[in-house]
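A.B. asks: These protein sequence lines map, in sequence, to chains A and B.
So in UniProt numbering, spot 19 of the first sequence is number 19, and the numbers just go up one at a time.
So in UniProt numbering, spot 188 of the second sequence is number 188, and the numbers just go up one at a time.
Read the hints as simulated data drawn from the structure, not as lab findings.
Yeah, the Cβ is synthetic: ideal placement off N, Cα and C, and Gly gets one too.
Mixed in with the good hints there might be a few duds.
Unchecked claim - List of simulated lysine-lysine pairs, BS3-like, C-alpha gap at most 30 Å:
1. Lys289(B) x Lys92(A)
2. Lys393(B) x Lys289(B)
3. Lys392(B) x Lys61(A)
Said to hold, decoys possible - Footprint (simulated), chain A over chain B, 3 or more residues, beta carbon under 8 Å:
4. 93–106
5. 380–390
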Amino acid sequence: MSIDIATAAKVAKLARIKVEDDALPALAQEFNDILGFIEQLNEVDVDGVEPMVSVTPMRLKRRADVVTDGDQPEKVLKNAPDAREGFFAVPKVVE
Amino acid sequence: MADLNNMKIAEARDALRKGDVTSLELTESCLSAIEGAGALNAFVHNTPDLAREQAKAADTRIKAGDAPDMCGIPLGIKDLFCTKGVPSQAASNILKGFKPEYESKITSQLFDAGSVMLGKLNMDEFAMGSSNETSAYGNAVNPWRRGNDETALTPGGSSGGSASAVAADLCLAATGTDTGGSIRQPAAFTGITGIKPTYGRCSRWGVVAFASSLDQAGPMTKDVRDAAIMLEAMCGHDPMDSTSADLAVPNFEAMLTGDIKGKTIGIPREYHMDGIPEEIESLWAEGRKMLQDAGAKIVDISLPHTKYALPAYYVIAPAEASSNLARYDGVRYGHRATLDAGDGITEMYEKTRAEGFGHEVQRRVMIGTYVLSAGFYDAYYNRARKVRTLIKKDFEDVFAQGVDAILTPATPTSAFGLGEMKDADPVQMYLNDVFTVTVNLAGLPGIAIPAGLDKKGLPLGLQLIGRPWEEGDLLNTAYALEQAAGFVAKPAKWW
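Pulled out of the complex, with its shape left as it was, chain B reads as follows (with noise of 0.2 Å):
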């Protein structure tokens, strides 16, 4: 059987109850993936004879019956999560050589239903950024580019060598994590799902902190089905995160109908913001023609504070990067700088975190030193995090006028060139996020998906806000908008 690679997860799963293929098949399958994909620098670290070893297991256990949905299927794991053995270092040069002597919990939870790890995916460095261009690995490529036009594009970011290698079709799924977009915003580059769920659904446990108040995983897959099914075995509660939801996890493959009749969507009117390009506003309004043709009810709703979004995220989340990255200091872990004769600790400290962190990291743990510092910690962190309850707030005012879910573009633009904002100012790139940080701020679930291509021939994806806790209702509203909008296009193979 040929392109066992290209196969979706539900694929996968019934043809290996039928016995048609077995998970080493699948898995040599998308190894040769990898292999010839080289200049998607996608993979980071492969542990092939990992997943071979993992595939035998899953085929004898899906013989044996009783195995569970995601049992004996290949994965990428972004390198933010800590694989037992396997070398995982948030693609920063602070973690070179890190080994973790433990296993995230979601990738336990994923190897324990049987799952199979490939090898780890590119990212940005400690998930800071929005093109996978701080990465300590170099960038990881689109799959896609503008007709025949060679110029690399970004996957997006953080989680850009996942979409990348999904899209790419180099394993049946991957992991990833979201803190402002992270998920949602190289989806929708990548012509993906990928689904942010709400805050304490995935435990955080063994995932390198970025911003904790913020950071959640999710899975980035070929449909939202799959995106329902993975979902499914990466959420539940863990002692070990303190902030993890001890609620029963619903079975959301069963929830995906397809039918949204009398469901209210909402449509944010501050998100129709200045200079979006007429081709993003155009596909925002088909989904909402699509959505009403489902026989959802459209309204059109204020979320006031949406502007503030962006700002309050870049006092929030540099603060709690500031103090998360502190334990980088080259006492426990990876890298130590050279000492010169007579340097003390202090200069360890300073040496270590100079060589190791990269430019962009040094610029986010410096800022959120400064606003946490005395004398700035009111005017700045207070009142972000005051703003924050506004925002979240404006998220419960509609959810309590009865809207269902919000339906918004999912991304500013579509993907841009590797390189073409270097010399743009920081705030530039962070407006990649403008639409999906809202998000995190209020710990909602969202999703994004594939709804068409720009003129340039690149995807384009729109994303759905749900209630918190509601992921079932967001899956199947997603799969009565994925349904209408029927995107299918690939990117044509050059790699």
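Isolated chain A, as found in the complex (with noise of 0.2 Å):
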């Protein structure tokens, strides 16, 4: 598997950074390079292999659908880089 620049903007743009079109190359240059040593994979037999969800065999534990928590939203405002009249503030996302 090889990505050209066309697949490392798209990444990019999935992952929502900025790359500017000058640095694209580069940048599918490192993915090829850590995408080759991660084929190394390909030389495992996991056939009939479940994947791991958890690596210690446990159950989440369950509690009752109740609030716990709340009732403080000066804190969670506190570390907004723009909070208003109670709400984070973003640009306009509607017209």
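Hints are included, so try docking the two chains, each in its own frame, into the full complex.
C.D. replies: In structure tokens:
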């Protein structure tokens, strides 16, 4: 599998990271180096092997579906780059 | 009393109880050591006022009697831990200015036990790195040098600041985290002890997430006894972390008898790798001999899928990172890019993340995005998770054969020079974790202890891997090895 410049651009877009056009060839090359290393996994016979979900055999604990926390909007907004009138503010999303 | 900062946890605990020293004196000694160690760039946010306040409270508690072992002990905290009201930015520009409104579970437990926080420690950005060179704070520097050669060496990573601070006696001990070797590799590079416990032992709540199925916190200390004391204070069930184990935490220190007669130690043949320096091979052979002389039975074992651990890790860890790091979007905390007229929310995300994440973090997020994307999920991500199942089974098989612990080298080299790997491709850097990463994939406890010096005068470490949840037994084997190795060397002070 070889990653071309268009694929590198697509991945950057999916990851929501702006990559300038002139940086794409080097990025594609780095992807190819890393994926080349990962390709070794194709040597392993994984027929009938279950993909690992949890490294320790444990069942997720359950609890009653009730509110356990909340009512602290000031704390929630404290670190926001832009908070107004009790809300997170973002650029206009809908016209 | 001079040089109180050189003390170990156990010594300080006993001296505090005898009234020979106060926590405030210990704390002041560490604070002035930190003041004089700017060249190491280990501490990146100092909290002297908080430290003095906590030390005074600890002294009152110790005087009243019945204080826990960690009471009054000055610690450094890796920047990955959220600490209330104190900058916690995972060494990333994207979290610049972030001051959590809450305290991580582990630091809460340590503070409840009376420990003192001196400040936050340098690390690789989001714990992604093996040399502390990806940090937004700049490199942390190893207090060790190659003899009289003044080349600045890496303390390893990602817990590089923690390792440097403990090795240079800027604090009595530090917290670290380990996703692929980030406690054990820097411990080995700086001649200190570091243990990653079984996955689920330490709560991940309030620890900035990198790869959630692999991340575990642990202590970085000056010896095995200190690791036992501090680990006990860090462990315990936490309902806020759904993967936290609801198991009793033993008194690890009480298990340090040094008696390993009749224990079976496995030596995995796949860890004899091409290109590993002769010095590392011979140190490993010496370690084998030491454990044998201490009465352990040594057996050669096979962990057949070892070779595939690093490639599997470099699918699974970036995949989880790409999901975890999606939260850094410039909306709720941290950095937001300045926008141009007409920019919408997508441009805000893209510019914010391009400005806030460093190169290695961007690369791993994008690799993770790729291996999870439609059409590649099965070929990469699911295949890696299947290989992970096989890697864990390798360990289960040898434990079922009666092996109690496994002895390996900790790292493939001693500490290298900062910048020396600059032109290497990323895979070369990833090879640092070749001996440690299997342990994270299998969720097992692993400890690195210093065992000797190489020809350049740099410390080398050995790693012991234990059975799940048997940190006490593992620490005891490490204690026996520590006694036999008798490593006491310290870096000559140049900073």
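A.B. asks: Starting from the hint list further up, note which numbers the structure goes against and sort them upward.
C.D. replies: 1
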